[in-house]
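Heads up: the sequence lines are chains D and U, in that order.
Each residue of the first sequence is one higher than the last, beginning at 1 in this note's numbering.
Each residue of the second sequence is one higher than the last, beginning at 1 in this note's numbering.
Think of the hints as simulated: they come from the structure by calculation, not from any bench.
Derived contacts from chain D toward chain U, CB cut-off under 8 angstroms, selection only: (1) L114; (2) L118; (3) T137; (4) A148; (5) F176; (6) R181; (7) V515; (8) G586.
Counterexamples of contact, computed for chain D against chain U with all Cβ distances above 10 angstroms: (9) T197; (10) H246; (11) P330; (12) A349; (13) T460; (14) L497; (15) L609.
Fair warning: this is a prediction, and the values are worked out from it, not measured in the lab.
For every residue, glycine included, the Cβ atom is placed at its ideal position computed from N, Cα and C.
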Amino acid sequence: MSAAPDLRPRALAWSAAAFTGGVLLQADRLPLWATAVSLLAVAWRLAAERRRLWLPGTLQRALLALALAAVVLARFHTLNGLAAGTTLLMLMAALKLLETRGTRDERILVGAGLFLLLAACLDRQDLLRVPLYVAQTLLCCGALAGIAAPQLELLRALRLGGRALLLAVPLALVLFLFFPRFAGGFWAIPRGDAASTGLGDSMDPGSIMQLIANYDPAFRVRFHGAPPPRETLYWRGPVLHEFDGHAWRRGPERLRLRAPLEPLGAPVRYQVTLEPSQRRWWFALERPERAPAGRVFLTYDDQLVGTEPVAEPLSYEAVSYLRSRSPAPPPAQLREDLTPPPGNPRTRALAATLRERAPNDAALVAAALDYLRSGGFSYSLTPAPLSADAVDDLLFRTHEGFCGHYASAFVALMRAAQIPARVVTGYLGGEWNPIGSYLVVRQSDAHAWAEVWLAGSGWTRVDPTAVVAPERLHRGVLDLLPDAFPTRERLLHSPWLRALFAGWDAANSWWGTHVVKFSYEGQLDLLRRLGVRAPDAVDLGRAFIAGLLLWLLWLGLRITPRPRGVRPDALGRAYLRLCRALGRAGLTRAPHEGPLALAERCAIERPRLAPAVEGLLQRYAELRFGRGADDQAVRDFTRAVAQLSLGRWSGAFP
Amino acid sequence: MSSTAERALPAWPLRWRAELTGRFARWIRARQGVDVLPLRLERRRLYILPSRSGLAFCVLLLLMLLAGLNYGNSLALLLTFVLSGFMLVAMQQCHRNLLGLQLQSASAPPAFAGEPAALLLALGGEATARPRLAASLPGATAGSADLPAYQGATLAVPVPPQRRGVLRLSRVRLETRHPFGLFCCWTWLHAPFELLVYPAPHGSLPMPDSDLRPGTRRRGSGALEDEWLGLRPFRDGDSPRRVDWKAYAREAPLLVKEYEAAASDVRLFDFARVPLADPEARLSQLARWIVDAEQQGERYALRLPGRTLPAQRGPAHRHRCLAALARFDEAPG
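Okay, chain D solo, but in the shape it has when bound (with noise of 0.2 angstroms):
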């Protein structure tokens, strides 16, 4: 089986290709040490095999092991995780590859890139990346067939392994529509930490302004029946109680059950695709009703915030109501929400006058807006930056800012003026996509608002920077202020730009829901589409078996040759009957022999069976080479041939 040695360096090469695959599919998951050093191997390896270059011995062979298991350790403080384990499987496989021998040891480097391939679907599913996978997975395919034959061509070795590949594909969609999916978690890995992105705990003017420069979505919405107007599009996200005179903070958590609500018009139903953002907060509406899920908590201040942060895409279905009435908390949470701001006079002195004016809250919480819209303040991303007293100086002196800066200035004006008040985060509108009839809510929508407490209403939303820049509350920043973003965000926003982005998103979106978040609920969903009644795991199987047999089926009609020869006549027939029976015999007729040569042979080789079978031998090459044969000639022939009784060869030579 070994290949002639010219040859061995093709099988390696094929075997560090598919390695390399794996490598680079990590490349910007792991360490770059690691890569490195990995391929480094490669290299060295494929120079020693061109150079007779040194190559370490098993004693140094083991030490780089030892050492490089130590610098993982070292770096990642344990092997367990699924960045460690895949490091230094990573760079165990590197090693291996150092010394390659045979074919055993080339195969092991292909199952390398397979496992490197795996760690990376398990740790990445963007669409993007699936023409990587798809391509590591060919040129893993490939280099078995290349390893097993390394006289094959480049392309004739990913041909063989592409075939295959496609052949398998219906038989990969069967299993993966219908394998039965049991929750997982047998064990746990634990993962290493990712960013975490999105809206914080706290708000100060900066954070938003980082936020609004990011054109990654946040979630996405599908609405159950029409969707609700753009400007009523407030995506709740973290309440801010808690204020230094510059960030806004969520104070400490606090166990309080929100009182249920009293709707002031029709719900709103619809299914939020959360992308991950390694944070707790869960967005939905306004109000949302309820809490979606079991993992999720409705706060007091009707936040929905996640017992994990989140990891994965995720999605739950959601109610809000747009307009409602909340019932009176206990006055002494309310009063947690009066705290006035530290210094600012003026902004003091301003509420001191509101409030002597208005005859009561909702007539000072106009009067305040109404400052804002008169006073001169305009809406900017580049604001000028703000002394220790924030407040006075946007509202006396700068003049212009973003939400953040109104939402935090309006919430301290109105505490100061003794009317309960907080600071709501979250984001604004979205982006409809007419392709997969979605909305897509972007971090770059993220916004502030206000709400106050009044006592005939409850807690209302307020928002300065709709007085300030009507227009926000229809589009989003980027087309409100395209001049303060990069060039390559204004250039995402060229209408034809914006199209193609939102089939891709759309393609996005079907993948990240259809595919990569298909799970056993799906799989049950899918049978009943089919007209299955009640399924449970038991349809999936024979739904997985029936599938798994029809392929089959359809891969043996496929790929097996029908062997199709011409029918002999009756005497030919009868001939090769004979010929069988002395082939049992003993006596096999070799493809150039002609009867009566068989004759001879047999009288030499086999004397024992020659009286019995040299005057048929005779008498076919009469009939067949003679002045013709008639019917019966060749009936009492066969006839013949049909008596004949020669016996068996016994397999065992005497």
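Start from chain D and add chain U according to the hints.
Structure of chain U alone, referenced to chain D:
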């Protein structure tokens, strides 16, 4: 390579293994019956199992499945399923690579004792190409060949060096690991293959003198003068000394000068008159003389107890003589 490992083991596992292998072989022999060439490999005689790499691949798939289920990760599961399908396709393709293969004939050119020999299997002639076929005798290395579409190919099964006699090869294993080496599909061929093993040409005794017939001319030197007969085409086994190189240089085909040298003198190689004690040594000596005499273009006769081959020469005669030596003392069968 495995023999050293086997030697290290105690005897009983080896005996068990040999016993099992033997039983299995007998069962397969009884199941399949005797093969009649030409034959086409049918489904019921093809056996297929995952190779070692195939088993390792299965383990890899199992790990992938567990990881995919554990994380509830669709993409990892999809990858696992694609590779599972790939494995099943590989199995089908491996099986198909033998299914329907036509074995036209088998022949074993005679060989000298102690030299490697080969059993030649003539394969193919159908529309499908069948790469990477290998065939081996039990316990011996395999020979391999690629079978192109619409063409036959000869697969040489290596036969390890043997002792003089008629070697009966009752069992040949024909296998393939195409296309990915994940599976091994094989079949057993049972047919009365015979390999004639000539005695090894050994011995340094001088050739017995030729009987001089009357009318033979002697030259002054005393050497025999060869009588020029003519030219004939080159045949395997002709001495290069007799090739007409000048004619070849003129782009004529390879021709051999024929002399009637031995026409007059005939050497008689008599088993009874070889002055050696061991019969095998005598046979070797006779083989040596036959090979040499044939090479020198002499006529020779061979006398064995109970059998005499009259004087002649040429490859056919050489074969007859050597075959007689090979079959010497053979139990009549």
